[in-house]
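*Asks:* The chain contents come next:
Protein chains: 2
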Amino acid sequence: MLRTAFCAVARRGPHKAPPGAPHLRRRLGPISAFASSVDSRITRFCVEKTDLKDYALPNASWCPDMLSLYHEYLEKTKTENWVKLPSFKSNRDHIQGLKLPIGFESPLSSAQGEYRIHTRGIQMEGQGYEYVIFLQPSKKKSVCLFQPGPFLEGAPGCAHGGSLAAMMDETFSKTAYLLGEGLFTLSFNIRFKNLAPLGSLIMLNVDIEKIEDQKMYLSCIAQSRDQQTVYAKSSGVFLQLQLEEE
Amino acid sequence: MLRTAFCAVARRGPHKAPPGAPHLRRRLGPISAFASSVDSRITRFCVEKTDLKDYALPNASWCPDMLSLYHEYLEKTKTENWVKLPSFKSNRDHIQGLKLPIGFESPLSSAQGEYRIHTRGIQMEGQGYEYVIFLQPSKKKSVCLFQPGPFLEGAPGCAHGGSLAAMMDETFSKTAYLLGEGLFTLSFNIRFKNLAPLGSLIMLNVDIEKIEDQKMYLSCIAQSRDQQTVYAKSSGVFLQLQLEEE
Chain A
1 MLRTAFCAVA RRGPHKAPPG APHLRRRLGP ISAFASSVDS RITRFCVEKT
51 DLKDYALPNA SWCPDMLSLY HEYLEKTKTE NWVKLPSFKS NRDHIQGLKL
101 PIGFESPLSS AQGEYRIHTR GIQMEGQGYE YVIFLQPSKK KSVCLFQPGP
151 FLEGAPGCAH GGSLAAMMDE TFSKTAYLLG EGLFTLSFNI RFKNLAPLGS
201 LIMLNVDIEK IEDQKMYLSC IAQSRDQQTV YAKSSGVFLQ LQLEEE
Chain B
1 MLRTAFCAVA RRGPHKAPPG APHLRRRLGP ISAFASSVDS RITRFCVEKT
51 DLKDYALPNA SWCPDMLSLY HEYLEKTKTE NWVKLPSFKS NRDHIQGLKL
101 PIGFESPLSS AQGEYRIHTR GIQMEGQGYE YVIFLQPSKK KSVCLFQPGP
151 FLEGAPGCAH GGSLAAMMDE TFSKTAYLLG EGLFTLSFNI RFKNLAPLGS
201 LIMLNVDIEK IEDQKMYLSC IAQSRDQQTV YAKSSGVFLQ LQLEEE
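Residue numbers (full-length UniProt numbering), protein chains in the order written: chain A, 1 to 246; chain B, 1 to 246.
Check each hint, because a few of them may be wrong.
Each computed PhoX-like pair below joins lysine-lysine, with the alpha-carbon atoms no more than 20 angstroms apart [stated by the list, open to error]:
1. B:K139 x B:K84
2. B:K193 x A:K215
3. A:K99 x B:K193
For the record, the hints were derived by calculation from the structure and aren't laboratory data.
All chains, full assembly: derive it from the sequences and hints.
*Replies:* Right, dumping it as structure tokens:
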């Protein structure tokens with residue numbers, strides 16, 4: 001039933017790979033194929049010249065921990081094969097040509113309004129989701145530096161559990177897509193350990209645990225910078241979908 | 001470890017119960033005690049006279065399904081013991097006097113800024129979370145009518161999985177608090193079945209499955225109004241905390 005429901009096929013976005021680049025594969029193949037298709041996706045995703053605003057850049061609302069760790073990871077992009085991901089206001093700017101299941105229709109489809117990815121829905125700096133994701137393809141992992149603002153509240157002073165879950169799901173999503181064509185969340189499981197304070201840095205460490213039968217299994221630990229406080233642990237399963245040339 | 005972390009004790013909010021009302025209990029007792037403490041919490045929660053804006057009221061962005069089902073459940077509040085919950089911009093307006101764990105501090109604590117519950121963080125009508133929760137205490141269940149707006153997008157035209165998870169968690173949260181002093185999410189598990197279209201009605205049917213060892217176990221099915229399309233199923237565990245008089 002699930003397979004039928006998620007029968008989507010994704011096509012290449014607007015940034016085509018150069019002629020001669022290998023076709024993207026349905027399943028992860030040998031390491032070389034894995035590496036080349038991953039490189040190709042990351043290159044298209046991290047478009048160098050664009051008029052789109054990148055929201056994953058420091059602003060005045062970032063706390064000192066968030067800012068210093070951002071610069072620390074930015075240094076790692078030069079020496080340790082980390083990649084800093086841009087973050088536009090909508091997934092439509094990142095991934096185009098996604099064919100949704102037959103019969104799927106949103107009542108908003110015909111409207112010409114503005115769309116925003118959930119985690120960039122609150123627009124004023126510092127009030128909602130402030131975050132930046134770094135990816136380390138060679139180790140199949142990623143890190144999200146997340147600072148929840150006062151409009152993500154649950155209990156007074158604390159990040160709403162749903163906002164932490166959404167941030168984890170979004171980090172899983174980008175990691176799964178770029179490192180293995182994982183496009184849709186099949187399941188997500190989170191266990192909360194400690195309340196996460198608004199306005200502070202929460203570090204999300206994500207690992208791809210395994211890939212089996214077109215499913216990617218990811219895990220995440222959300223913790224303080226010094227790793228002394230674990231806020232939550234989660235796991236997610238993503239469905240891999242075939243990517244085709246347009 | 002978890003118990004130590006969540007050592008909070010909640011006290012009564014600003015709307016005190018009348019003299020002679022029974023003390024709220026740590027655990028659910030016999031049916032009569034359960035009923036009276038639940039009634040007392042609901043009465044305080046559904047404050048009749050307030051200057052606070054109730055966001056769980058129809059506005060021009062609501063789709064016809066959302067509007068008609070709202071009126072259907074509003075009718076049930078007169079005949080079938082359903083209760084329509086108000087929804088203010090912050091949990092601080094609903095539940096005051098919550099003592100957080102010793103040592104917990106948000107960097108924003110000293111700031112005098114505005115706070116919003118995550119699911120009311122996007123302020124413009126129709127763009128974010130449009131929802132209203134109805135509770136049926138006698139059957140330990142609730143219904144949330146949810147219309148995700150274009151600022152909650154995941155895949156184009158679809159609600160972000162994280163937004164659906166957050167809406168479920170929030171509905172669990174209010175249900176658990178009002179029907180059994182369940183205050184903090186311990187764990188949450190969601191399985192996605194079909195993509196949920198933005199701008200359409202998503203019906204969340206929530207049931208309290210059981211209460212054991214200060215833990216409340218809840219389940220949710222998110223589906224279309226005609227129940228022909230299941231979008232996701234979830235389960236959650238909430239920790240019950242002692243409520244004390246101020």
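*Asks:* Against each hint, give a clear statement of whether it holds in the structure.
*Replies:* Results for each hint:
Annotation: proposed proximity of B:K139 to B:K84 holds, straight-line Cα distance about 15 angstroms (limit 20 angstroms). Restraint check for B:K193 and A:K215: the C-alpha separation of about 15 angstroms stays at or below 20 angstroms, so the hint holds. The suggested pairing of A:K99 with B:K193 holds, with an alpha-carbon distance near 17 angstroms, which does not exceed 20 angstroms.
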